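Colleague: Take a look at the letters that make up each chain.
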Amino acid sequence: MTFVQAMLLAILQGVSELFPVSSLGHTVIVPALLHWRVDRSAPSFLAFVVALHLGTALALVVFYRREWLAIVRGLARSLLRGRIGDDPEERIGWLLVAGTIPVGILGIFLEHPVRALFGSTATVAVFLVLNGGIMFLGERLRRAQRSGGGQSRPLQALSLGDAVKVGFAQSFALLPGISRSGSSIVAGLLLDLDHADAARYSFLLATPAIGAASLLEIPRLFAPDARGMLGESFVGGIVAGVTAYASVAFLTRYFRSNDLRPFGWYCLIVGAGSLLLIATKVIT
Amino acid sequence: MKALALVLAIAFFVVAVLYWLPNGPFGHHLKHGILFAILGILALVWMRFQSSAPARR
Numbered sequence: 001m002t003f004v005q006a007m008l009l010a011i012l013q014g015v016s017e018l019f020p021v022s023s024l025g026h027t028v029i030v031p032a033l034l035h036w037r038v039d040r041s042a043p044s045f046l047a048f049v050v051a052l053h054l055g056t057a058l059a060l061v062v063f064y065r066r067e068w069l070a071i072v073r074g075l076a077r078s079l080l081r082g083r084i085g086d087d088p089e090e091r092i093g094w095l096l097v098a099g100t101i102p103v104g105i106l107g108i109f110l111e112h113p114v115r116a117l118f119g120s121t122a123t124v125a126v127f128l129v130l131n132g133g134i135m136f137l138g139e140r141l142r143r144a145q146r147s148g149g150g151q152s153r154p155l156q157a158l159s160l161g162d163a164v165k166v167g168f169a170q171s172f173a174l175l176p177g178i179s180r181s182g183s184s185i186v187a188g189l190l191l192d193l194d195h196a197d198a199a200r201y202s203f204l205l206a207t208p209a210i211g212a213a214s215l216l217e218i219p220r221l222f223a224p225d226a227r228g229m230l231g232e233s234f235v236g237g238i239v240a241g242v243t244a245y246a247s248v249a250f251l252t253r254y255f256r257s258n259d260l261r262p263f264g265w266y267c268l269i270v271g272a273g274s275l276l277l278i279a280t281k282v283i284t
Numbered sequence: 285m286k287a288l289a290l291v292l293a294i295a296f297f298v299v300a301v302l303y304w305l306p307n308g309p310f311g312h313h314l315k316h317g318i319l320f321a322i323l324g325i326l327a328l329v330w331m332r333f334q335s336s337a338p339a340r341r
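As they're listed, the protein sequences go chains A and B. At position 170 of the first sequence (counting the first as 1) the number is 170 in this note's numbering, and the numbers step up by one without a gap. Offset between the second sequence (1-based) and this note's numbering: plus 284.
Possibly wrong hints are sitting among the right ones.
[To be verified] Rough simulated footprint, nothing fancy, chain B against chain A, three-plus residues with beta-carbon under 8 Å:
#1 80 to 92
#2 102 to 108
[Claimed, not checked] In silico negatives: residues of chain A with every beta carbon more than 12 Å from chain B:
#3 Gln5
#4 Arg37
#5 Arg40
#6 Ser120
#7 Tyr254
#8 Phe255
Treat the hints as calculated values from the structure; they're not laboratory data. Just so you know, these numbers come straight off a predicted model, no measurement behind them. Ideal Cβ placement from N, Cα and C applies to all residues, glycine included.
Can you make the complete structure from the sequences, with help from the hints?
Modeller: So, in structure tokens, the structure goes:
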């Protein structure tokens, strides 16, 4: 992989990790489309991916730094007090803990078998189409709820059980082509959150999942086989972080008054287009 | 519920240690062990919340 390819992948990762379009799906389809020779199992590439995820997680922490500080304080307060109080940040903190449990368990046990089973370009394209369908279905069900008189509730009004449901939805992103943020935003919408709060919870929930997964893989960065790409990994991590920060800044504004449908169309078009290119052997 | 939380915490910590053993029954898996240790801590947190008196309004 050349330096330019590495930087393009870093930009792609930073953007597509937070936009509800599946970063994993894009990092499979784009190199295949451009006929890049990327050995996804090479130690140097795995180290590079760890650096990109670290950069993304760090960008999320920096963007939500005030909220994280308040959440950590709230968690400590409730531990000392021995009960969860009514403070919004305290409640959101425990919602994040509950929501992270499913992806922690399923991620550790299922990540490798699922990716080995569904990692081909064709299955990624199918899942990308499915991802688009999930977003359209989510928006449709949401509109049906609203037309039936349902009102939005604030994020802190979710129960711990609701948080676990969103966490399970987030776990669908183990399937390459299904978006982490897309599935968790849809789950949040179906639990009566508005788009802005569903997106905020999705991005906050992504931080421990991405951060912990990449922190545990840090030794890969310094493995002897990975040293060849240490420079690309370092710069790529920064590039992914900057683009992830810009993406989350854009999306938090976007979801104040917009919905998931444009991303649904994007996934349908890219997924269907990729299937067409695979059928015509343009993508192999 | 407090007793259940304690039993779960102990069980999770035992599984964590078994994952960390070089020749344990499940094989050596550092990340699996960390996961179960975190679940053990969460079970202790649950026990702590059970121990406190219910909130007064």
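Colleague: Each hint should be assessed against the structure and marked as holding or not.
Modeller: To see whether the hints hold, each was checked on the structure:
no. : hint       : result
1   : 80 to 92   : holds (count 5)
2   : 102 to 108 : holds (count 3)
3   : Gln5       : 29 Å, holds
4   : Arg37      : 30 Å, holds
5   : Arg40      : 20 Å, holds
6   : Ser120     : 26 Å, holds
7   : Tyr254     : 33 Å, holds
8   : Phe255     : 30 Å, holds
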